[in-house]
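Please model the complete structure; the sequences and the hints are all you need to start from.
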Amino acid sequence: MTERVGQSLGRYRIIEKIGAGGMATVYRAIQTSIGREVAVKILLSSLAAQDEGFLARFHREVQVSSTLQHPHILPVYDFGEYQGSPYIVMAYLKGGSLTDVIRQGPMVLSEATRIITQLADALDFAHKSGVIHRDFKPSNVMLDERGNTYLADFGLAKVTDASVQLTGSRLVGTPDYMAPDLVSEKGVTRSIDVYAMGVTLYQMLSGHVPFKASTPMGVLMAHMSAPIPDIRIDRPDLGEAVQQVINLSMAKNAAERFPTAGDLACELHGALRTPQGSALPLLFTDKGGEVIFTNSFMLKLLGRPETEARNTVGRPLREVLGLDANEADTLMRDVCKIGHAYRQSLAIRTKSGASLSISCSGTGTFDDKGECVGADFTFLQLPTYSQTLDRSQGAEYAFDTGERTLLQMYFMSQLDGLRALVIRLGGLRLGETLERILNETSARSGWPFRMKDGRPEITNSRPEPFIYHGLLAKAVAYATSVIGAGVVHKQMKAVDAQMGDRSLEIAARLGLREITDNRY
6 MTERVGQSLG
16 RYRIIEKIGA
26 GGMATVYRAI
36 QTSIGREVAV
46 KILLSSLAAQ
56 DEGFLARFHR
66 EVQVSSTLQH
76 PHILPVYDFG
86 EYQGSPYIVM
96 AYLKGGSLTD
106 VIRQGPMVLS
116 EATRIITQLA
126 DALDFAHKSG
136 VIHRDFKPSN
146 VMLDERGNTY
156 LADFGLAKVT
166 DASVQLTGSR
176 LVGTPDYMAP
186 DLVSEKGVTR
196 SIDVYAMGVT
206 LYQMLSGHVP
216 FKASTPMGVL
226 MAHMSAPIPD
236 IRIDRPDLGE
246 AVQQVINLSM
256 AKNAAERFPT
266 AGDLACELHG
276 ALRTPQGSAL
286 PLLFTDKGGE
296 VIFTNSFMLK
306 LLGRPETEAR
316 NTVGRPLREV
326 LGLDANEADT
336 LMRDVCKIGH
346 AYRQSLAIRT
356 KSGASLSISC
366 SGTGTFDDKG
376 ECVGADFTFL
386 QLPTYSQTLD
396 RSQGAEYAFD
406 TGERTLLQMY
416 FMSQLDGLRA
426 LVIRLGGLRL
436 GETLERILNE
446 TSARSGWPFR
456 MKDGRPEITN
466 SRPEPFIYHG
476 LLAKAVAYAT
486 SVIGAGVVHK
496 QMKAVDAQMG
506 DRSLEIAARL
516 GLREITDNRY
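Numbering (our numbering), first residue to last: 6 to 525.
Treat the hints as calculated values from the structure; they're not laboratory data. Every clue listed holds true.
Derived pair list, reagent style SDA-like, types lysine to any residue, alpha-carbon separation capped at 20 Å:
hint: 1; residue 1: Lys257; residue 2: Phe216
hint: 2; residue 1: Lys99; residue 2: Asn153
hint: 3; residue 1: Lys342; residue 2: Pro321
The calculated label-pair distances, taken between Cβ atoms and stated as ranges, are:
hint: 4; residue 1: His64; residue 2: Ser134; range: 17 to 23 Å
hint: 5; residue 1: Thr335; residue 2: Thr220; range: 41 to 47 Å
hint: 6; residue 1: Asp421; residue 2: Met229; range: 51 to 57 Å
Fair warning: this is a prediction, and the values are worked out from it, not measured in the lab. Idealized CB from N, CA, C, for every residue including glycine.
Pasting the structure below:
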């Protein structure tokens, strides 16, 4: 179908071919009436020629899927038939597909959780609307320039009979994500999408699909009878909780799977909050690339004692990680321009000068105007990560129950003061943005914190103290970006003046009082 480039398909002018599969070709095109870039998927004309009911199914299924309006479902703008070829017009995204991301290597758990959460919300919305995807897989997940995901091709599997078809020994369709119930003729339910999401999660974390065989039929038989592989063989840094999520997603019996995709995502968030899930090196920066927070796992990765955390604050990312200046600048530019950056292999240097090869996932933090105000980075050392990091988080900062209470009171007081200041000087919308940024940071990092209507809540009776440092550093970075460093520093000093000596002593031990001092 490359001959279509340069031609017009009704009101759409074909610009270039951007993808092809067994039953369709996708082009980038321009909708000439309004000059909008779109993606046009043109199905093979032979499909309609060989099947009398094809066009009726096509119009029926695409009509239904086009009504699905959701933030993480790829919008369908138009569909029809032109010179014997059915076509669908969709939003054009420049971020590639989830398949492209997976090819870069295994993802850190926090990034996989972010993506699964978006897609689970999309699936649940579709399922409640009575629509089953039937062909959930990474190549049907598109990304925008900020790394947000969009599920595409609802209903096309049903149109093209892409669910399992057996003709003698021949299997038609890709079996890598097919649930056993598609073959057993027990009916198509939303559970097949949950299963495919479980397979996709396994692939995101390991870099490959769970079952391999020399033939498609062999893969299908493995889905039906082979044990679910243990993700920890490839990823020893992941805990039992992650494996349990995979097991409950890919159960052979549909009745034993998660009832909904949302349930899967919820349990994955729980796994992220377990000691194994949260034992990842974290580093936050402001919009200029200066470090505002490192957790103890990051310090251990760099060969630094926890008492040096304050020495990293205010220093450029390139200095803390020992990166080439161009690499550090490119990393920050990607995060702030497209909202996301991933490096399968990045060489950093420890305090002693030793070189470490790590993977890095970065996510941008944006204000209500879409301006970048900072970045969150998660790191993973492979393949010896589980042997490199000591799980004794906070060993050098031991706090008893009474001290933890005072520390939490200090954190809450400073956070309340910053939020009130931002609202007073910038309006309620800035306060809501601060709340969103803190909630997003907490969710990405698997921290037991949430904020609703200005009320912060710690959802764990004994949160790790470093969480307070990370969230307060993030709040200060945002407040500084919108109302200025001087007024923020003055506000925090005013709160300090109202706190007791014991609270100030404990806050100083964790470095909370130096969050602004070290930088401004």
